[in-house]
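K.L.:
Those protein sequences? They're chains A and B, same order as listed.
For what it's worth, this note's numbering labels the leading residue of the first sequence as 12, then goes sequentially.
For what it's worth, this note's numbering labels the leading residue of the second sequence as 1414, then goes sequentially.
There's no promise every hint is true.
What the hints assert, rightly or not - Taking lysine to aspartate or glutamate pairs in the DMTMM-like style, the calculated list, with each CA pair at most 25 Å apart, reads:
hint: 1; chain 1: B; residue 1: K1551; chain 2: A; residue 2: D46
hint: 2; chain 1: B; residue 1: K1556; chain 2: A; residue 2: E45
hint: 3; chain 1: B; residue 1: K1581; chain 2: A; residue 2: D46
hint: 4; chain 1: B; residue 1: K1566; chain 2: A; residue 2: D46
hint: 5; chain 1: B; residue 1: K1518; chain 2: A; residue 2: E50
Rather than coming from a laboratory, the hints here were simulated on the basis of the structure.
It should be emphasised that the depicted structure is a prediction, and the values quoted were computed from it without experimental measurement.
Here is what each chain is made of, one letter per residue.
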Amino acid sequence: MKYIEAELDIIAFDAMDVITTRGLTDGGEGNGEEDDFGELFG
Amino acid sequence: MVKYTYYNADTDEELAGAPSAIGNYKVEVYADGGSNYYSRTQEATYSILNPIDENGMADVEVFKDNDVIPEAEGKTFAGWFTDSTCTTPYTGDSGEAYAKFVDNKVLTVKSQISNGTTKNSAKTSIRFINSLDSLNYKNVGLKVTFNGNTIDKPFTKVHSSLIANGKKVDPSVFSKESHYLGAYTIKNIPNSAFYSKFTVTPYYTTQDGTVVEGTPNTFTIANMIK
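Between the sequences and the hints, there should be enough to build the whole structure, so can you do that?
P.N.:
Structural data, given as structure tokens:
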């Protein structure tokens, strides 16, 4: 499990594409949630 | 005369009376001998155990009334259900139901930073990812603490997979029981915050309304830069 966690950590991302999106209560496509650091903690 | 005094065995806090909630306890029994016998104090510890039977059923009221979340070794509670396969949620506050549990690794959180981030980058983004075994929850979310401030980010959309740097991230990186991923990105993090900690606690709300928190994890962007 240590190996798997480390492996995920080093996969940096440059795309926010979602192959398939399903909702807990409502499906549909999306890119995950995102917020601006300054608005949250600035 | 015999006097019973009850304590929480974990904190040594004295209780008002005999406890009924699940937990570890100590009882102190004082027997007053009067004029003919010695007085004596005796202690004993005991536990009130998780009252879930071998079939996974329990009296829901015992847990709801005591505000206790069911526990199992290496597992996380995932809601009450009417059937043993845990497909139909049970939303009553009393009566018997099946307690569903998932692998502890399901309700955990991992992170990624933007590709190409260096310790000299002016800004970056961090993406927190958690997992779920199914869609059978009211919501899922993350509590993110940074410099003593905590934000609560609930969401209702989850994903069967994500793309990271051209590679597919499958839910199974969390647990073989994981089938969906939640993703939350915080953008435009200034370089001055690269050495500060983000502490992230994943949670979900079961269909019966129980909020279950998973294992917190702490991330520092500087430590994630390779």
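K.L.:
Determine for every hint whether it applies to the structure shown.
P.N.:
For each hint, the structure was consulted:
no. : hint             : in the structure
1   : B/K1551 to A/D46 : holds, 22 Å
2   : B/K1556 to A/E45 : holds, 14 Å
3   : B/K1581 to A/D46 : holds, 23 Å
4   : B/K1566 to A/D46 : holds, 10 Å
5   : B/K1518 to A/E50 : violated, 31 Å
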